[in-house]
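Based on these hints, arrange chain H on the given structure of chain U.
One line per chain: the protein sequences are U and H, in this order.
Okay, so the first sequence: first residue is 1 according to the working numbering, each after it adds one.
Okay, so the second sequence: first residue is 1 according to the working numbering, each after it adds one.
No lab work stands behind these hints: they were computed from the structure.
Being a predicted model, the structure only gives us computed values, none of them experimental.
Each hint should be verified, as a subset may be incorrect.
[Stated by the list, open to error] Quick list of the computed label-pair ranges, beta carbon to beta carbon:
| id | chain 1 | residue 1 | chain 2 | residue 2 | range |
| --- | --- | --- | --- | --- | --- |
| 1 | H | R289 | U | I45 | 50 to 56 Å |
| 2 | H | E263 | U | Y123 | 37 to 43 Å |
| 3 | U | D191 | H | K168 | 48 to 54 Å |
| 4 | U | E52 | H | A271 | 37 to 43 Å |
| 5 | U | D191 | H | E345 | 51 to 57 Å |
| 6 | H | E307 | U | D162 | 39 to 45 Å |
| 7 | H | E345 | U | G174 | 50 to 56 Å |
| 8 | H | K220 | U | E307 | 27 to 33 Å |
| 9 | H | E263 | U | R266 | 19 to 25 Å |
| 10 | H | E307 | U | I5 | 54 to 60 Å |
| 11 | U | A259 | H | A267 | 54 to 60 Å |
| 12 | H | E22 | U | I5 | 40 to 46 Å |
[Stated by the list, open to error] Straight-line distance between alpha carbons at most 35 Å, and here's what the computed DSBU-like set of lysine-lysine pairs gives:
| id | chain 1 | residue 1 | chain 2 | residue 2 |
| --- | --- | --- | --- | --- |
| 13 | H | K92 | U | K194 |
| 14 | H | K139 | U | K226 |
| 15 | U | K92 | H | K226 |
| 16 | H | K93 | U | K226 |
| 17 | H | K112 | U | K95 |
| 18 | H | K112 | U | K112 |
| 19 | H | K139 | U | K112 |
| 20 | H | K93 | U | K139 |
| 21 | H | K60 | U | K226 |
| 22 | H | K139 | U | K93 |
| 23 | H | K93 | U | K95 |
| 24 | H | K101 | H | K139 |
| 25 | H | K226 | U | K220 |
| 26 | U | K168 | H | K226 |
| 27 | H | K95 | U | K93 |
| 28 | H | K275 | U | K226 |
| 29 | U | K112 | H | K194 |
| 30 | H | K95 | U | K95 |
| 31 | U | K168 | H | K60 |
| 32 | U | K93 | H | K93 |
| 33 | H | K220 | U | K226 |
| 34 | U | K92 | H | K101 |
| 35 | H | K226 | U | K112 |
| 36 | U | K93 | H | K226 |
| 37 | U | K93 | H | K92 |
| 38 | U | K92 | H | K93 |
| 39 | H | K92 | U | K226 |
| 40 | U | K101 | H | K60 |
Every residue gets a Cβ at the ideal spot worked out from N, C-alpha and C, and that includes glycine.
2 protein chains.
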Amino acid sequence: MAERIIYMDNAASTRLDERVLEAMRPYYLTTYAVATSEFGHSMGIEAKETLEAAKVGIAKGLGAGVEEIVLTSGDTESSNFALKGVTMAQAKKGKHIIVSKIEDFPVLNSAKALERTGLQVTYLPVDGHGFVDLGELEKAITRETVLVSIHHANQEIGTMQDIEAIGKICHERGTLFHTDCTHTFTRVPIDMGKLPVDLATITAHTIHGPKGIGALYVRKGTPISKWMDGGFQENNLRAGLENIPGAVGFAKAIELVTAEENERIRAIRDALIAKLLDAVPQTVLNGHRTKRIPQNANITFHRVEGESITLHLDMRGVEVSTGSACFSRSLEASHVIMGIGGNHERAHGSIRYSLGRFNDISEVDSVVEAMSDIVTRLRSISPLKE
Amino acid sequence: MAERIIYMDNAASTRLDERVLEAMRPYYLTTYAVATSEFGHSMGIEAKETLEAAKVGIAKGLGAGVEEIVLTSGDTESSNFALKGVTMAQAKKGKHIIVSKIEDFPVLNSAKALERTGLQVTYLPVDGHGFVDLGELEKAITRETVLVSIHHANQEIGTMQDIEAIGKICHERGTLFHTDCTHTFTRVPIDMGKLPVDLATITAHTIHGPKGIGALYVRKGTPISKWMDGGFQENNLRAGLENIPGAVGFAKAIELVTAEENERIRAIRDALIAKLLDAVPQTVLNGHRTKRIPQNANITFHRVEGESITLHLDMRGVEVSTGSACFSRSLEASHVIMGIGGNHERAHGSIRYSLGRFNDISEVDSVVEAMSDIVTRLRSISPLKE
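Chain U with its partners taken away, still in its complex shape (with noise of 0.2 Å):
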């Protein structure tokens, strides 16, 4: 193995800062009392003020109000709950949702199992770079419709959404708009107070957080029911013990997030993606060029399979990608290149670069370097034809 490891794979945005578990350490060791034994309990009311204080972090994040914030376990609890509990609040009004084809696996399969109970769902279909049809989307929505899922950015190849038109074109029709911005939650801009959004799914493992913690935006007036039965924590929204270490280390993740810091991601991922596309020949850019995510990047080098790549990159200390993070282990196909119009062998051949605080430029030659070889090699004993 080399003596030094390049992460450009999810590890890279999973790996903790240390400031992070710092501000956590406190929480787990000496102001550990349970938040709701605020009554006649001081520590108790310490840590109420703790999570409380911790939930204005995470909701200033989102230009939202506090009360808006619901934490969970993560973005694939979030997602659960805002797609299963706002169809179990509006039962009555109508049994249809609408999600894009290319939705990551906590909205997709929410949808799927809804629709083994009885609900019709839309799966929206999206063009080549991955961007749903605002048109589509307005003739889809009916009188039925309850809830509109479509992500902020896609989980492999980063293209964002148009969230504020989508919001719009669903407040018009009179249906509930959620959106999952896992991937875009203090690496772009969002604020609540401007976009018409109800309902939203953020993590904090995403951008060097802890795991296991996440949150839901719910604008408030937001029908929803309880789908965690148990106490009356998170509003009464969510029930089960408080993690104050897990909320603690969230809110520090999202103050360590600067401009600056997406702006250095970015000029990484521009030089990888400029590099990459000159020094190996039959390549192409997954996702839109400019509207994208800072931190991801999506190539496809055709006639070679995505796997022998990560291994042979593997072996000289550089990890990525295949793939979405949930699924590469079943080898199926990638239904997000599916999605955009890629065949399998597309989808085989892409590789994903997921960028973090601890990737730096000097790394780029090096993968770019490590690429060109190990594709040129590849290519070398394919037995797929130029």
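Here is chain H on its own, set in the frame of chain U:
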């Protein structure tokens, strides 16, 4: 405030053991990969192996197989998943479940949520100690019954049910048995190799482990539907990015509990009960004297309000709880004390003492002295007659 604070409320068991945090640390900062990126990724393989090893440790604590452990965000999610997942999977078999009246809120309120969707729920009464009547249980099971959920030990009064006898009845009558082991796990022996239990809820925060991680034991072959949709994690039973630091911390917390520690805690608790009943007149121990978990005492002090006691104790540096951890804010009378035949006066005068690793026998006399003083003073101004 007192110089040294004595925690005998739920914070006593939620204080993270520093050794647990040390065990988690490398998986936050050094080996932070996603377990599902195991293909072609060295750190991904290490992450997967770490997760498996942690799950082996968790399984060992139950005498279970590693494939029978489904990691969740805690006991609330585990119980939601058990009740909702099992009834969903058996929707065609029957629409009746049985729970005890004094279950903790994750089970009780999941049952109520299912009732609102059309399931029939029997809420089994309990006797003066909190035991369900085995004859009543047997009578309540019908051909429609798909699940019985009765906790291993009560969250407030500590009474331990005979889960072996309960499970035997369930299996003889052809129904599945779930038990909430939140307050018994590691504190009393549990061996799924011998017990007729199909599903069990466990969590880390009650044994000095991290908040935000728990598990559902699902015996091999038990019909259960996925409740959290998304990726294929946890043998395709629970989606969501694996919380590896949490799993490692959970396994470490289990490893640190010893039979000797449990005996030491039991001795402190026994001394506390004996001295309190001796020092303060008009008191009654709630729950069974011996068939109770080692870390719990629950005593009603007649003619005083538990809330007043906790406030005065807090000023003297002693922390205890009234009612349940989840619902004390509601100021409703404890459903557990009411369930064992108590009235509102008894419920509101009850104090729950929870002990953990960091309690010491030397604390007992201070607590008894403070309690005795406070109760005497409060009674002298109480409007309630003797």
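**OP:** May I ask which of the numbered hints given earlier this structure violates, with the numbers listed in increasing order?
**Re:** Checked against the structure, the hints that fail are numbers 1, 2, 3, 6, 9, 12, 13, 19, 20, 22, 28, 29, 31 and 40, while the rest are satisfied.
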